[in-house]
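S.K.: Top line first, the protein sequences correspond to chains A and B. As numbered in the numbering used here, residues 1 to 452 make up the first sequence, in order. As numbered in the numbering used here, residues 1 to 564 make up the second sequence, in order.
To be clear, the hints were calculated from the coordinates, so they are not data collected in a lab. In this text the structure is predicted, and so the values were computed from the model without any measurement. Backbone N, C-alpha and C fix where the C-beta goes; we use that ideal spot for every residue, glycine too. Some hints here could point you the wrong way.
Unchecked claim - Some chain A residues near chain B, calculated using beta-carbon distances under 10 Å:
(1) 14
(2) 30
(3) 38
(4) 56
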Amino acid sequence: MNKSADKKTGLVFFPAFDWAISPTHPEREERLLYTRDQIFEEGIMDLPQIEEFTPILATPHDIERVHFCVPRVEDQTTEAHLIAAGAAILLADKVVSGSVKNGFALVRPPGHHAMRVVHGNRGFCNINNEAIMVDYLRHKHAIKRVAIIDTDVHHGDGTQDIFWHDPDVLFISFHQDGRTLYPGTGYANELGGPKAFARTINIPLPPGTTDESLLYVVDNLILPVLKDFNPEFVVNSAGQDNHYSDPLGSMRITAQGYARLTEKLQPDLAVLEGGYAIESALPYVNLAIILALADLDYSGVMEPDYWHGRFKESPERMSHVQRMVEHLMNCWEKRDSTLPGQKRLKGRFFEREKRIFYDTDYIDERQVEKLRLCDECPGYLIIETAANYGRGLSGKALCISVPFGACNNCLDESADFYERAKKKGDIRYVYLQNKSADTFLVFDALSKKEHR
Amino acid sequence: MYVGVDVGGTYTDAVLLDEKRVLATAKVPTKSDLLGSIIRAIDIVLKDVQKKHIKRIVFSTTIITNLIAEHKYDDVALLLIPGPGLSRSYYNFNAEAVFLSGAIDYRGREIIPLNPVEVKEKLSQIAAKGYKKVGVICKFSTRNTSYEKQVAAMIREKYPEWQVESGSQVAGQLNFPRRVVTTHLTCATREPYSNFAKSVRQALEIREIKADVFILKADGGTLPLQSSEEFPVETIFSGPAASTLGVQALTKPGETAVVVDIGGTTTDLALILGGRPLLSSKGAKVMEQLTQVRTLAVKSVAIGGDSLVVSDGENLIINPERMGSAYCMGGPAPTPTDALRTLGLTSLGDGAKAREAMTRLGNSIGIVCEEVAWRIIKSFVDKVSAEIENIFFEWEQEPAYRVWEVLQKRRIRPELVVGVGGGTPGFINQIAEKIGCKPYIPPYAPVANAIGAAVAKPTMQTSLRADTEQGYYIIQEEGLQEKIEDSSFNESNALELAKKKLIERSSKYGLEVSEEEIEITRQEVFNMIRDWHTTGRLFDITVQTPRGIICRIGAEDTDEQVGR
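Excised from the complex, chain A in its bound form:
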């Protein structure tokens, strides 16, 4: 996006003070209370460089452009979810239309663990705020190339799932090594689907990583890759749980580290994700990120228990990170010459099986995902999903997703496939999501009714 120094940074602060997953859950009313205190007391909203906006609600259609909520959007979302996603959409609109230079959706609930198919809440997330905003931008403003940099301590597996096959969305996530933390994925060999190789890049970092190694990754991998990819819009999934005081993560990033990270990434829009050190980290990290986005001096922002030089990077950790960066840079450079794994090719489809666990709601989901390999377009997707909700309940659905810029052949084939599945009637819910035409159909085999 065009940057202009005299434009403001747009801010939506939506702490959802009346919404919680459960009273004692980390995702509760209190989470952004001290952040509110800090940014209000500092007078941030009065600064001439900042403009505060009140959020709007995302529409169910905005959500269906990305997700298959089983059975329907209203079963998987509360108003708070619609507001958080709506805040991201509102700010993205403001950035694209040029009324602000960049934005920060300081909102909850978070979204980056929400995958394409939604049976419930996983990793505190139901719907993916960033993905909904990105597909809104592609639909509404015909933006083609988008980069999402996920800086949460947890792997952004939901965002990765949604854009895995998408050659036009670059997804980069650094996070604490999945062997040591939820959701247990995000390894360096997860590099995206056959049509989008290396458009997914994961940088698992060892526990204890400090600002120094993190910024090394930014300077030597993320920024060069971004430069090559040349996105029209850059999103930062701004989780704050890499902070040294976070109760869930084990990293050692500081508020200053977050500010420098933000300054280097120069995102068009940052969207808050996780971060559960609600007193010792969030007030300072959020303040630092806002100031960095607004190009204001953040050097005075410091946690009360921090002193310069408190964290020193070990040489072993540093050299481990350096080797990984080198390896991933190598993968990136070979992105257009790497062939898909042959054993997953089934005729004209590329097939993978997934097993997804919803930690919050204790749901076990199995998916078979088939990508139609097409030379003319990114190809449509067919997902067969079966979820075990426990208590003897299960949910089955067939999801067909047609990408932006689908070719006529894929449009016809996917429509045929949908009609045949409807006739067959062996799966309760059949969905046809067409991003090219911006339509969404759902067929309920029990009532034999179709909804738009």
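Since the structure of chain A is provided, determine the placement of chain B on it from the hints.
M.R.: For chain B alone, kept in the frame of chain A given last:
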């Protein structure tokens, strides 16, 4: 009988009310001697009545605005304890600012200690520069007043003759920079304001007027004159509040209306939503500086009946400045009032002179005088209408931090445009048409502001912050910080405590308020969960005496009337 007086930039208006009737009105030019203008207006309305029947007098004055605009006060030194956070380079407080080390966090915990040696050094520096008025303001002092109190105590000990103001007592909202500005202005204006209040009391004594005397605040409430000396800055911008309350008193209850008050140099706009004047969610802006002074959501547009109209060779432009009165009233240059006179929309002034002014403007762009007048009025109406739209837009854009707040947002448009003030009648029909409402000019419109002052009610508020994990509470307005003794202190205890403190505080200022009448304006409760267990609760509660007006003018007895 009640008297209301509103001192405006051009005129000072007064009314005498008896129950719901207007008995007398007065309009005198405002001179630089504010007291003289007030007294002249009062003398007119009280000409035929016995002084002993006057129960109360309410003033709305520009004294604070004038003091600040003309910088008629001693310089103030600010002792600031900002701690870490936003860089100090962004602060611009227009005063000597001295920084002290020390920091308090959002929970009121002392994270960096004060350094008494440093404080003493800095105090000597200030003393050497001759300051005798000092504001002490600490970031998060509303969560822990101790640093401000310690510094203030050190000052009182060493420099007992100095005037010291503490930020936490003057400005209890979260916003350090606004707290600094509010404290600065309070410190600066207190002494000259007290002198003014004293001379008002003397003048009334000489006239043997023994009525209770109140002063109107920016939020539309009043304070007894005596207690207003503690919070002088709150009386700033009470003029627009007076007009708004006046309209409230002159229209039906429950009305949603835009109040348009067109004066000589400015047009004041305000909103009444469902019969209640809209309060601004943020504090007033004073001379480009943001404060925590609670105010009605009013907008002052720099355009009025006496604004200078010029031609740039192609277009007619209404400039913000005023050269004098309208040309048709003997002024030096063409104005919107001349345009009204030319088209017969007002009968003020000399018609021939008005046409002369319009014709001269028209010559430069080759149009006749009626066309000139129409264009000026259209441009005036367009500008005011756009600002009205803006007020509604800003109101819709007020931030919402809870799900229910976002869901209840709705688009409201007024039914009525109510015109008050001298310059309004000629414009009101066209403004109403432009924004699709009915125009209304109430009876007594020219003195609606003074009526608003007369019917304003006293208001007091009390803000309680309690942190049960740390075991203390603060009553912000009193600078009171106490331990919570009861280990089971809960929400209803907190509410009860806040109400009790409000009743005590009100009675201290001579206001009787019963518990049932108290309005709760903020009630925030947060459970603090640490490691899946509740370790405490945070309460933020603000209560106030009921807002509203004493009576409506011409209202039937069945009409809603609040606490007479």
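S.K.: Can we keep the residue 56/A interface hint, with Cβ of chain B closer than 10 Å?
M.R.: 8 Å, holds
S.K.: So, as I understand it, the hint says residue 14/A touches chain B; can you test that by seeing if any CB pair is closer than 10 Å?
M.R.: Holds, because the Cβ-Cβ distance from residue 14/A to chain B comes to roughly 7 Å (cut-off 10 Å).
S.K.: Can the hint on residue 30/A be confirmed by a CB-to-CB distance to chain B that is less than 10 Å?
M.R.: 5 Å, holds
S.K.: So, residue 38/A near chain B? Judge it on the closest CB pair being under 10 Å.
M.R.: 6 Å, holds
Comparing the model with each numbered hint stated earlier shows that all of them hold.
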